[in-house]
Amino acid sequence: MSEIRATPEPPCAACLRRSWLIARMSGHIELAWRARRPLPAVLALPDEQLIAALGGDGRARIEQAYETFAADLAIERCSAAGLVALCRCDARYPGGLNDLSDPPAVVYLLGRGAEQLWAGGEEAVALVGARRATPYGLTQARSLGRGLASAGVTVVSGMALGVDASAHAGALESAGGLTVAVLAGGADRPYPASKRALHRRIAAAGVVISEMPPGTQARRWCFPARNRIIAALACATVVVEAGERSGSLITATLAAEIGRDVGAVPGLVTSPFAAGTNGLIAEGARLVRGPQDVLEMLFGAEAPQLASARQAEQLPGDLRELLARVAGGMDTVAALTADGVGLDAALAGLAQLELQGHVRRTAGGRYATVA
Amino acid sequence: MLARVATFAIVGLDPRLVWVEVDIRPGLPSFRIVGLAGAAVREARERVHAAVLNSGFEFPARRITANLAPANLPKVGPGFDAALAVGLLVASGQCPPEALEQRAIFGELSLSGELRPCRGGLAVAEGARRAGFGGLIVARERAGEAALVAGIRVAGVPSLRAVADLLAGGDPPPEPEPEPPVDATGDGLDLADVRGHELPLRALEIAAAGGHNLLMEGPPGSGKTMLARRLPPLMPPLTRDEAIEVTRIHGVAGVHRRGGLVGARPFRAPHHTISASGLVGGGQVPKPGEVSLAHHGVLFLDELSEFPRASLEALRQPIEDGHVTVVRSQRALLFPSRFTLVAATNPCPCGFAGSERVCHCGELELARHRRRLSGPLLDRLDLLVSVTRPTAEELQAVSRTTSDEVRGRVLEARARQRARLAGTPASCNGQMDGRLVRRLTTASVRAERALGAAYERGTLSARAYDRILRVARTIADLEERETVELEHVMQALALRQHDEDDRADAA
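Which chain is which? The protein sequence lines are A and B, in order.
Mapping of the first sequence onto the numbering used here: residues 1315 to 1685, in sequence order.
Mapping of the second sequence onto the numbering used here: residues 18 to 524, in sequence order.
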């Protein structure tokens, strides 16, 4: 956390103009991206070269608007949307982003955390994965999000359907857990629209962040561009579930490129939904079985023990034994009773564990341990 | 000459007295029926004509007018045939009028003159008794059902000729015996045949004991339907009043084939393609829907998420009020519908979430599935139980319970509830509303503290709190305890329905 200055400096005009230009030329960048020009190279171009290279027929008009850009108008728009803008010249600009070859000139922040000006980089983990996730993937994302957030680690993700949303939801479940959603469009625009409620909850308890000025609609190129911000904000990226051609693999590659740790949650070797994550592990990514593995990835041997693990030791003996059985794969009432636990005891015990937050009911009547 | 014969029209479930007046006078031969007669009644002309001739009577070649009074009551169905024919015989002097003073006649005629059974024998008999008739003539097949009504002599006759003989002073047919109740244990569906499924069986027992609505969640082929079918035999046997009510409804709807008193609690399992009015009742000529056919029994909705939203929404009134109101042309008809709802659903669209097989549903599909289920209906389902496929070991094991044992416990639990609920509108725990359940449930300090803590922490909504207390009350009743203890609350928690919020952000 960096210091909050009494009167935050407004972002500088040059950075705001750069940010405006990227949004203004979003369509041109989209064309270049579709023509397979590498995105980092495009985004690293200085302003004039960017206009010259991609402007095409609209060059003159863009140049004219560029000359007459009014920074105070942009700042006004920002505060009208309730966003805080941080430019690269600001000390509060998330340091991790500077590791990128094409860092955004300005990031726009929305939310309660924006006032505390979370600096990013330290103790933040990106949890990413496929939008089309299996219940297994969703459960893992949720329990990782929850476990990490309760250990005080910020959970960064993209608020997309599937794994991303579950990771955020998990982080929000823990008391005081901080979570950061990086959007491809303007931070004031919930995308996807179906996650409006989640957007609101994240803004209330954490931060929504974007490199696009308020109101900008996301184009397709914005998503890989957003992924680089996720990778750079976090000090480690964990891919929870990804098929062979998932966008979250791009995030993992970007993270590795800028020297961040990469982890992956293993899946069934036969499952196409886990081909990407299993592939990452085969290539040397850290195998992640739960929040504790991620904590060890971050802090090494001094990793703090998870709060729930500590609490579990205080459980009465029979409940602790029951919890151990559930963790060991006897995750249905039927399995527990087959193992000799009485039906009444199994039901009552599971309910108690659920109330105390050690297990949760999942699809098909299975119980999953909550890390 | 003028003749007057009493018969009945059934409006909703109510029998309404209808006078058939037949007037015969000189003129061009004709046969008219007036008095708001429906299509089947107008066709009665042809049936009556043929039946009268084929029974060896004479059909007068004169001007015949039949009036069905009161003229403002719409009359549908073939039940007026017999009364029309008898009226015609009396008006033409082929049958003495005196015997008709104290009798009502109800039935359809075949062209050969046979008296065929019509829907609603029991309802008509009740109407006849209420209208002060001493006797009722119906088709032989309906006599058993009609004879359930005390205080009226029911004659079951085979044909128009037999009716005429009876009216002429012939020997009445033997008094029909109300058929003995059908085996109340329900077609031999016993719990002893069930292997494994220990948790669902417990849920069935609680549902039977407290009249709680139940949702079963499980992959295809895990035995949800098989389990649901075994619920009605676990419930206490129908009382005579209940049986009469069920018989009346089933008789009017024409689903009561065996005649006599319905002995087993109904089990209705409409397919999900059913229309809203098929489910709750209605139609141009209002008929009881599946919810009323399941009155005092079980309504089983398999594949709950496949039912159209409109149908599920329509279920709210019957579940909440215990009856359905159908309004048709300035008349409101009341169909009773006090049933236990058992619903089954796959955990996800492909059905395999949480099972050994891999579920391939995307988040959008899951969200859609959940959305279809969500809403006020789920709030009415007190119990949620997951049904998993039994393992090979469980399939080979010997079953531990029989329906008789469970029924014994259920009966005692119900008796406790009746004593506690005397003087309230509820007759079992499942019918208690939030206020009642909080007033009538004494929980131990530990139980209250656990529930309170869960509520404070936001794990439970206020509505879920009441639901859990309701179920815990029943579990305590099953264990013959007056105070709800911590373990009862905990079991109820393990069988609780997902919360609305839970469902919304489970994504």
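No lab work stands behind these hints: they were computed from the structure.
For clarity, every value in this text was computed on a predicted model and none was experimentally measured.
Be careful, since some hints might not be right.
Unchecked claim - Residues from chain B that face chain A, not an exhaustive set, calculated with beta carbons under 10 Å:
{"no.": "1", "residue": "T82"}
{"no.": "2", "residue": "A86"}
{"no.": "3", "residue": "L90"}
{"no.": "4", "residue": "H214"}
{"no.": "5", "residue": "E215"}
{"no.": "6", "residue": "P364"}
{"no.": "7", "residue": "L383"}
{"no.": "8", "residue": "L401"}
{"no.": "9", "residue": "E410"}
{"no.": "10", "residue": "E411"}
{"no.": "11", "residue": "Q413"}
{"no.": "12", "residue": "A470"}
{"no.": "13", "residue": "L477"}
{"no.": "14", "residue": "A479"}
{"no.": "15", "residue": "R480"}
{"no.": "16", "residue": "A509"}
As the list claims (entries may be wrong) - Simulated restraints, written as ranges between beta carbons of each label pair:
{"no.": "17", "chain 1": "B", "residue 1": "D450", "chain 2": "A", "residue 2": "A1615", "range": "34 to 40 Å"}
{"no.": "18", "chain 1": "B", "residue 1": "E330", "chain 2": "A", "residue 2": "A1507", "range": "45 to 51 Å"}
{"no.": "19", "chain 1": "A", "residue 1": "Q1619", "chain 2": "B", "residue 2": "S444", "range": "52 to 58 Å"}
{"no.": "20", "chain 1": "B", "residue 1": "L428", "chain 2": "A", "residue 2": "Q1628", "range": "40 to 46 Å"}
{"no.": "21", "chain 1": "B", "residue 1": "L428", "chain 2": "A", "residue 2": "G1631", "range": "47 to 53 Å"}
{"no.": "22", "chain 1": "B", "residue 1": "R480", "chain 2": "A", "residue 2": "Q1619", "range": "34 to 40 Å"}
As the list claims (entries may be wrong) - Computed list of chain A residues with no C-beta within reach of chain B, every gap over 12 Å:
{"no.": "23", "residue": "R1350"}
{"no.": "24", "residue": "P1352"}
{"no.": "25", "residue": "T1382"}
{"no.": "26", "residue": "C1403"}
{"no.": "27", "residue": "P1506"}
{"no.": "28", "residue": "R1533"}
{"no.": "29", "residue": "A1649"}
{"no.": "30", "residue": "R1675"}
From the three backbone atoms N, C-alpha and C, an ideal C-beta is built for every residue, glycine too.
Okay, the hints, checked on the actual structure:
1. The beta carbon of T82/B comes no nearer than 69 Å to any beta carbon in chain A, farther than 10 Å, and the hint placing it at the interface is violated.
2. Annotation: A86/B was flagged as interfacial toward chain A, and the flag is violated, the nearest CB pair being 62 Å apart, outside 10 Å.
3. With a least beta-carbon distance of about 54 Å to chain A, the hint placing L90/B at the interface is violated under the 10 Å criterion.
4. At a threshold of 10 Å, the smallest CB-CB gap from H214/B to chain A is about 8 Å, leaving the interface hint in force.
5. Nearest Cβ of chain A to the Cβ of E215/B: about 5 Å, under the 10 Å cut. The hint holds.
6. With a cut of 10 Å, the hint placing P364/B at the interface with chain A holds, because the nearest CB-to-CB distance is about 4 Å.
7. Hint on L383/B holds. Least Cβ distance to chain A is approximately 8 Å, under the 10 Å limit.
8. Restraint check, L401/B versus chain A: the minimum CB separation of about 9 Å is within 10 Å; hint holds.
9. Annotation: interface hint on E410/B holds; nearest CB of chain A at approximately 7 Å, less than 10 Å.
10. A hinted interface residue such as E411/B counts as satisfied when its beta carbon comes closer than 10 Å to some beta carbon of chain A; here the least separation is about 7 Å, so the hint holds.
11. The closest approach between the C-beta of Q413/B and any C-beta of chain A is roughly 12 Å, which is over the 10 Å cut-off, so the hint fails.
12. A hinted interface residue such as A470/B counts as satisfied when its beta carbon comes closer than 10 Å to some beta carbon of chain A; here the least separation is about 7 Å, so the hint holds.
13. For L477/B, the interface hint holds, the least distance from its beta-carbon to any beta-carbon of chain A being 9 Å, beneath 10 Å.
14. Because the beta carbon of A479/B sits about 17 Å from the nearest beta carbon in chain A, more than 10 Å, this interface hint is broken.
15. Because the smallest distance between the Cβ of R480/B and any Cβ of chain A comes to about 17 Å, over 10 Å, the interface hint for this residue is violated.
16. Given the 10 Å rule on beta carbons, the hint for A509/B holds: about 8 Å separates it from the nearest Cβ of chain A.
17. At roughly 58 Å, the beta-carbon separation of D450/B and A1615/A lies outside the given 34 to 40 Å, and the hint is violated.
18. For E330/B and A1507/A, the hinted distance range of 45 to 51 Å is not satisfied, since their beta carbons lie about 25 Å from each other.
19. Our hint of 52 to 58 Å for Q1619/A and S444/B holds, since their Cβ atoms are close to 54 Å apart.
20. Checked against the hint of 40 to 46 Å, the pair L428/B and Q1628/A passes, with Cβ atoms roughly 44 Å apart.
21. Judged by the Cβ atoms, the range 47 to 53 Å given for L428/B and G1631/A is violated: they are separated by roughly 38 Å.
22. The hinted window of 34 to 40 Å between R480/B and Q1619/A holds, with their beta carbons roughly 38 Å apart.
23. No Cβ of chain B approaches the Cβ of R1350/A within 12 Å, the least distance being about 29 Å, so the stated non-interface status holds.
24. Every beta carbon of chain B lies more than 12 Å from that of P1352/A, the smallest distance being close to 31 Å; the non-interface claim holds.
25. Interface exclusion of T1382/A from chain B stands, the closest Cβ pair being 44 Å apart, more than 12 Å.
26. Chain B leaves C1403/A outside its interface by the beta-carbon criterion, the shortest separation being 39 Å against a cut-off of 12 Å.
27. The beta carbon of P1506/A sits about 10 Å from the closest Cβ of chain B, which is not more than 12 Å, so the claim that it is off the interface is violated.
28. Distance check on R1533/A: its Cβ is at least 22 Å (rounded) from any Cβ of chain B, clearing the 12 Å threshold; non-interface status holds.
29. Against the 12 Å criterion, A1649/A falls within the reach of chain B, whose nearest CB is about 8 Å from its own CB.
30. Not every Cβ of chain B is farther than 12 Å from the Cβ of R1675/A; the closest lies at roughly 8 Å, contradicting the non-interface assignment.
When the structure is compared with the earlier hints, violations turn up for hints 1, 2, 3, 11, 14, 15, 17, 18, 21, 27, 29, 30 and for no others.
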